[in-house]
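*Asks:* Chains as they are written, first to last, in this note's numbering: chain A, 3 to 373; chain B, 3 to 373.
Think of the hints as simulated: they come from the structure by calculation, not from any bench.
Since no wrong hints were added, every one of them can be taken at face value.
Calculated pairs, DSBU-like style, for lysine-lysine (alpha carbon to alpha carbon, straight line, at most 30 Å):
#1 A:K360 / B:K90
#2 B:K360 / A:K90
#3 A:K266 / B:K90
#4 B:K182 / A:K266
#5 A:K182 / B:K266
#6 A:K90 / B:K266
Here's a subset of chain A near chain B, in silico, CB distances under 8 Å, partners left out:
#7 T11
#8 K44
#9 D109
#10 T112
#11 R140
#12 T258
#13 I260
#14 G261
#15 Q314
#16 G333
#17 W373
One-sided and incomplete, this derived list gives chain A residues near chain B with beta-carbon spacing under 10 Å:
#18 P12
#19 L108
#20 E133
#21 D135
#22 G141
#23 G169
#24 V259
#25 G274
#26 W275
#27 D281
#28 R282
#29 G311
#30 S313
#31 H342
Even glycine gets a Cβ: it sits at the ideal position worked out from N, Cα and C.
Protein chains: 2
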Amino acid sequence: MTTLDTPDTPFAVVDADRLDRNIARLRDHLDQLGVPLRLHVKTSKSVEVAERVQAGGPITVSTLAEAEHFADAGYRDILYAVGIDPHKLPRVAALLHRGVTLTVLLDSLTQAESLVSFAHNENLRVPALIEVDCDGHRGGIAPTDPALVEIGRALGDCLAGVLTHAGESYFAYTPDALRKSASNERDIAVAAADSLHSAGLPCPIVSVGSTPTAHAATDLTGVTEARAGNYVFFDLVMAGIGVCTTDDLALSVAVTVIGHRPDKNWILTDGGWMATSRDRGTQVQAVDQGYGLVANLDGTLIPHLIMTGASQEHGVLSTRDSEPVPDLPIGTRLRILPNHACATAAQHDRYHVVSGTKLDVDETWTRHRGW
Amino acid sequence: MTTLDTPDTPFAVVDADRLDRNIARLRDHLDQLGVPLRLHVKTSKSVEVAERVQAGGPITVSTLAEAEHFADAGYRDILYAVGIDPHKLPRVAALLHRGVTLTVLLDSLTQAESLVSFAHNENLRVPALIEVDCDGHRGGIAPTDPALVEIGRALGDCLAGVLTHAGESYFAYTPDALRKSASNERDIAVAAADSLHSAGLPCPIVSVGSTPTAHAATDLTGVTEARAGNYVFFDLVMAGIGVCTTDDLALSVAVTVIGHRPDKNWILTDGGWMATSRDRGTQVQAVDQGYGLVANLDGTLIPHLIMTGASQEHGVLSTRDSEPVPDLPIGTRLRILPNHACATAAQHDRYHVVSGTKLDVDETWTRHRGW
Numbered sequence: 003m004t005t006l007d008t009p010d011t012p013f014a015v016v017d018a019d020r021l022d023r024n025i026a027r028l029r030d031h032l033d034q035l036g037v038p039l040r041l042h043v044k045t046s047k048s049v050e051v052a053e054r055v056q057a058g059g060p061i062t063v064s065t066l067a068e069a070e071h072f073a074d075a076g077y078r079d080i081l082y083a084v085g086i087d088p089h090k091l092p093r094v095a096a097l098l099h100r101g102v103t104l105t106v107l108l109d110s111l112t113q114a115e116s117l118v119s120f121a122h123n124e125n126l127r128v129p130a131l132i133e134v135d136c137d138g139h140r141g142g143i144a145p146t147d148p149a150l151v152e153i154g155r156a157l158g159d160c161l162a163g164v165l166t167h168a169g170e171s172y173f174a175y176t177p178d179a180l181r182k183s184a185s186n187e188r189d190i191a192v193a194a195a196d197s198l199h200s201a202g203l204p205c206p207i208v209s210v211g212s213t214p215t216a217h218a219a220t221d222l223t224g225v226t227e228a229r230a231g232n233y234v235f236f237d238l239v240m241a242g243i244g245v246c247t248t249d250d251l252a253l254s255v256a257v258t259v260i261g262h263r264p265d266k267n268w269i270l271t272d273g274g275w276m277a278t279s280r281d282r283g284t285q286v287q288a289v290d291q292g293y294g295l296v297a298n299l300d301g302t303l304i305p306h307l308i309m310t311g312a313s314q315e316h317g318v319l320s321t322r323d324s325e326p327v328p329d330l331p332i333g334t335r336l337r338i339l340p341n342h343a344c345a346t347a348a349q350h351d352r353y354h355v356v357s358g359t360k361l362d363v364d365e366t367w368t369r370h371r372g373w
Numbered sequence: 003m004t005t006l007d008t009p010d011t012p013f014a015v016v017d018a019d020r021l022d023r024n025i026a027r028l029r030d031h032l033d034q035l036g037v038p039l040r041l042h043v044k045t046s047k048s049v050e051v052a053e054r055v056q057a058g059g060p061i062t063v064s065t066l067a068e069a070e071h072f073a074d075a076g077y078r079d080i081l082y083a084v085g086i087d088p089h090k091l092p093r094v095a096a097l098l099h100r101g102v103t104l105t106v107l108l109d110s111l112t113q114a115e116s117l118v119s120f121a122h123n124e125n126l127r128v129p130a131l132i133e134v135d136c137d138g139h140r141g142g143i144a145p146t147d148p149a150l151v152e153i154g155r156a157l158g159d160c161l162a163g164v165l166t167h168a169g170e171s172y173f174a175y176t177p178d179a180l181r182k183s184a185s186n187e188r189d190i191a192v193a194a195a196d197s198l199h200s201a202g203l204p205c206p207i208v209s210v211g212s213t214p215t216a217h218a219a220t221d222l223t224g225v226t227e228a229r230a231g232n233y234v235f236f237d238l239v240m241a242g243i244g245v246c247t248t249d250d251l252a253l254s255v256a257v258t259v260i261g262h263r264p265d266k267n268w269i270l271t272d273g274g275w276m277a278t279s280r281d282r283g284t285q286v287q288a289v290d291q292g293y294g295l296v297a298n299l300d301g302t303l304i305p306h307l308i309m310t311g312a313s314q315e316h317g318v319l320s321t322r323d324s325e326p327v328p329d330l331p332i333g334t335r336l337r338i339l340p341n342h343a344c345a346t347a348a349q350h351d352r353y354h355v356v357s358g359t360k361l362d363v364d365e366t367w368t369r370h371r372g373w
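Excised from the complex, chain A in its bound form:
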């Protein structure tokens, strides 16, 4: 039996108990709101994780490589939620020809015209959502922008609906701010759908979502699907805005103590930024968690200790206060709970899956990568 003591460190660990609890929590919440989930697989990039949510269910992807990987695994309803680069349309067409409903995203007339021209030449319907901006976070157009209807008309029968993403909800630090972000996300999406309907255009899909807003939403009337991905693992950024607690964090990185600097109150490990990523999302939060909290190998948090520094293959552990670091000899294995699960998971090609505090590795799940 492989245990967390077996493989050489660093490696990624997933606690399946926490994973399943996180999955059940959002499922229950969205069931109450009567809105189906469209899992975003960009966080785990793992078929095994998606299967625990809903085998073969609707998914969101961040790259066409993900779409192709999940199509190979039998997924047939895939939304590619990054504005479409016309150069990528041949790969979109290849997926459509395989029987996958691959829906793309766009927010300009240029993209719509490229898509329609391509679809016409290929004699293919390429379903597209129009990206709507709800909080100035990234792309998208306002629901009242005349361009919305113009793009909708240009899309013709490729028009599949609208999508918005409350990216600023990652910076909503109170339950009230989170609820407002969620209701605003819903309101903007529904307003965009209304704009299309008022112009006599169809809008079958009204897609919203982010991990914070999916959990904070109390009313999703008019919305046809909610997207979330990070929540399967959660992370310190999500704990920092109160969407979860540190007890919910399902992803961590196993590392080994390789040195000590008592003069600096440091413990050195073999887990640097290559293993955790450079993501320091909590740096802008009320509590800066460094590169991550530190747990024993069984996942129980070690008080005071955080990962304060990182070279490529070295981690520095120290204490937030002036507490001396605990006595952790060379060879001691620990787990680092990361700032940002999406970024940390991306540094690894597989997950070692455990249940709760047990060290047995029940399964190894592979992770997809690339574009």
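Chain A is already provided as a structure; the job is to place chain B on it using the hints.
*Replies:* Then chain B, alone, in the frame of chain A:
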């Protein structure tokens, strides 16, 4: 012929002209100092890059996976420059049994005793360097610390020498500070060797290095090898401390314009932090370069434009001043020059190799990954 217009973005690009120039520059400098280079392959993790430096020459690695990969490619003199975790010794032994001189690093009696015990049981000599601290950056012990001789004695015939790394040279912002960092690195390494010699112990290897100090050193008397890795590509952090200019940056990431936000003076691309990494090393420098400078697809820099924001698969380009962003239509391909070549390269599995401003992709080099 594949050109930079062919593959779907994002992807990593290496300018072989700049790469060769960077390689020649350090070779000439170290030749003048009479010290051989031990290339650190952690930046490129590419056999093709190492071949351009010295096919089959001595190398430094940051993981045993790198050591195994380069051993497969015929490299026989490999230094694993991260403090050894005793759990990893079986993989070290496997490399030694293959005829690779795999030298490990340590800075504690515990590690030395584990290593000697392992070597004894395996009837194998495991060569080890003692890590010496020259600037408080990471691990290592002071050259005057009695532990140095104690560890040296414990190592017995496994003792191969000393190693130091001026990690703080990355924060040396003037030519004078860089020279001082380099001379200090040399002085500390030689002092450590002297301590061992004074105790009657051998110290055949005196290893120093970092990209900044390898270039700034003017005298390496007593040193037997210099290590550097980042310099093959260089990056904005290195340009920020004056070790190179932005014209020397050999690594970039090709991205495509996928949207515009004129209200925010933003251009959106399909290259987010998954393509550039989250590394923001220039954040602490005099000039914060955001996530990177922006060039046309032929590598010529676009004035004013920088990558100011990143989601997983979205990049935000804007201007440092109040200049309006240039008119770059949907589908325009650009190149991002990154903060930290080691971190950005790690996000990719291959390099598309071009020469200077030509768009032709002459070769594709694979990159190794994992632990």
